[in-house]
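Residue 0 is where the sequence shown starts when you use numbering that gives the first Met the number 0, and the numbers rise one by one after that.
Just so you know, the hints here were simulated from the structure itself, not pulled from any lab data. It should be emphasised that the depicted structure is a prediction, and the values quoted were computed from it without experimental measurement. Cβ coordinates follow ideal geometry from the N, Cα and C atoms, glycine included. Misleading hints may appear alongside valid ones.
[As the list claims (entries may be wrong)] Derived pair list, reagent style BS3-like, types lysine-lysine, alpha-carbon separation capped at 27 Å:
(1) Lys498 / Lys474
(2) Lys379 / Lys474
(3) Lys379 / Lys256
(4) Lys474 / Lys424
[Claimed, not checked] Here are the simulated distance ranges between beta carbons:
(5) Pro255 / Arg443: 26 to 36 Å
(6) Asp356 / Phe184: 40 to 50 Å
(7) Gln224 / Tyr135: 21 to 31 Å
(8) Asp303 / Arg223: 48 to 58 Å
(9) Ala300 / Asn193: 33 to 43 Å
(10) Phe228 / Asn416: 44 to 54 Å
(11) Ser279 / Tyr423: 25 to 35 Å
(12) Asp247 / Glu54: 15 to 25 Å
(13) Arg223 / Glu169: 41 to 51 Å
(14) Gln224 / Arg323: 39 to 49 Å
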Amino acid sequence: MSLTPSSQDSWGDTSSDSTASTPVSLSYTSQVHSLWPLGNLNVFPLDTIWNIFDELLMGSRTGRLTHEHLHAFYSFSRVNEPAAEMVKNYIGRQIPSAYLMDQISARWYPYSTADIPLTYDEIEQIAPLDNPLNGYDIVTDTIRDDCVDCFNRLSKSTTVPKRHALGCNEGGWSYVAIAACSNSFCLLEEFCTNSPYGRPIDNLARPANHNCVEVSPLDIMAHRQDLQFFERLIDLIVSPLDDLRCLDLISRGLSPKGRLDLCKFATPHLAARLHSVGVSLCDTISAEATAWHVGVSNGPAFLDYLFHNSQQPNVALNGSSRCRNTPLFAAVNADRLDSVRWLLEHDADVHLSHTGDPRCTPVHLAMTKGSEVSEAILEKLLSATTLGSISITASGMLLYSLIEGLIVTCHNEAVRNDIDEYEYKFLTNSHQQRAIRKCALIRRVTEGVRFIYPSLEPHWLLPDEPDLRWHDEAKGLAIMAGFENIVDIMEDCSNFIFKGCTSSPSVFRSLFLYRDWS
């Protein structure tokens with residue numbers, strides 16, 4: 000695109016903007032207020048006015064026209080009629096067209112699907128939305144600033160063949176995708192309602208980047224988790240379309256991953272509104288997760304919606320067998336005590352592990368977590384009515400998971416904060432105190448269960464005879480890692496578990512033969 004005198008009709012036409020003594024807003028540049036008394040343009044010599052216009056259009060540090068300066072330049076045309084005439088004359092007579100064409104021209108790239116599509120992650124690495132490949136990009140910047148007027152001026156001065164569905168920037172990102180990522184709703188509405196290409200609102204379901212066909216602007220907006228913006232978008236889609244067209248557009252535009260992202264922040268009202276046009280979030284599933292797995296991060300209100308609208312809620316709340324972990328496991332991992340409480344109240348299976356690993360359960364995960372809320376979560380899990388008493392082997396596994404998690408937590412925090420030896424000692428002492436409280440919690444909850452149900456058999460009994468290996472390995476791992484403070488507490492917890500689980504002579508004899516009591 001070039002800003003030449005021949006394009007005066009589009010760039011120099013300020014009649015629609017100019018009214019007598021209209022207030023002007025120069026929101027994109029603050030310097031102009033100190034340079035120009037807007038109500039007294041006629042007191043300056045014409046050469047001075049021309050110099051100020053030159054500074055706005057060609058005086059940026061990068062040597063390229065910026066949207067900030069372009070917006071300020073056209074804001075002058077809204078001061079009054081004489082100012083509008085000056086802007087028009089300047090464009091027609093003073094703009095050095097060759098310089099503008101070669102140095103600060105705004106390019107509109109044709110949108111066409113790439114021959115070799117890439118994944119979304121690959122595109123983000125090669126051409127991130129926030130980092131233009133070749134320096135400043137005025138079109139992208141104008142979209143980010145949500146300036147409809149300046150974008151229309153740029154687009155009118157560019158020849159866009161009718162065969163192109165829409166434009167994209169030099170990184171391949173469609174203008175709809177840029178507007179979606181920048182919360183530029185005014186331009187997004189413009190692109191989706193006034194585009195000259197086919198059914199404009201379909202742009203929301205087209206690929207967000209012409210090098211990547213797997214992600215649409217709708218997917219990007221779901222990934223950003225901006226509830227207010229997404230609700231305005233749904234208003235934009237639902238209002239002009241019937242239910243079938245809504246269903247078609249959203250079904251094409253929202254991939255399974257996009258729907259799962261939507262489950263992280265959608266309110267029950269938004270989910271119900273989507274359901275009313277045929278788009279259900281309840282039964283969304285991917286290879287790794289279901290709506291329940293991600294819904295735990297949204298909270299109990301959304302879980303209630305899933306429970307009352309899923310086809311088999313009592314089965315669904317424990318997750319699909321094709322998924323590695325359960326929704327309860329995901330809630331523990333996300334430190335969502337409220338969701339853990341909700342799932343337990345609805346009889347989520349505390350013991351279930353789709354991996355078949357007895358140490359890959361929500362209880363073991365809560366033992367490894369180093370967060371403050373993990374203590375309250377662990378207490379809820381251990382107190383679950385379906386858990387029962389803890390066997391010797393199971394308690395040993397829990398203690399081993401506790402030390403494993405303690406090592407990982409301390410290491411990660413030390414690396415992240417780049418701490419010295421003294422600070423590391425303080426860090427480990429702090430986390431050991433939390434681990435000590437978790438050991439005490441195991442004993443306290445187990446003691447309570449035995450008091451209420453004195454004849455209750457341990458729930459976590461394995462087929463083999465009681466195995467003390469996990470207790471010994473947990474203690475050895477703690478000593479090797481330098482966690483001396485917790486060793487005695489672990490021994491006390493282990494002995495308490497032994498005492499409750501060794502009432503039968505056969506069990507006691509197997510323990511005696513196994514353990515080195517010396």
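These are the hints, each one checked on the structure:
1. Lys498 / Lys474: With a Cα-Cα distance of about 18 Å, the restraint between lysine 498 and lysine 474 holds, given a limit of 27 Å.
2. Lys379 / Lys474: Judged against 27 Å, a Cα distance of about 25 Å means the pair holds.
3. Lys379 / Lys256: Distance of about 31 Å is beyond 27 Å: violated.
4. Lys474 / Lys424: 19 Å, holds
5. Pro255 / Arg443: 26 to 36 Å: Since the Cβ atoms of proline 255 and arginine 443 sit about 43 Å apart, the hinted range of 26 to 36 Å is violated.
6. Asp356 / Phe184: 40 to 50 Å: The hinted range 40 to 50 Å holds for aspartate 356 and phenylalanine 184, with Cβ atoms some 47 Å apart.
7. Gln224 / Tyr135: 21 to 31 Å: At 29 Å between Cβs, range holds.
8. Asp303 / Arg223: 48 to 58 Å: 25 Å, violated
9. Ala300 / Asn193: 33 to 43 Å: 37 Å, holds
10. Phe228 / Asn416: 44 to 54 Å: Roughly 34 Å apart at Cβ, these two residues miss the hinted range, so it is violated.
11. Ser279 / Tyr423: 25 to 35 Å: 50 Å, violated
12. Asp247 / Glu54: 15 to 25 Å: 51 Å, violated
13. Arg223 / Glu169: 41 to 51 Å: 22 Å, violated
14. Gln224 / Arg323: 39 to 49 Å: 23 Å, violated
The structure is inconsistent with the numbered hints 3, 5, 8, 10, 11, 12, 13 and 14, although it conforms to all the rest.
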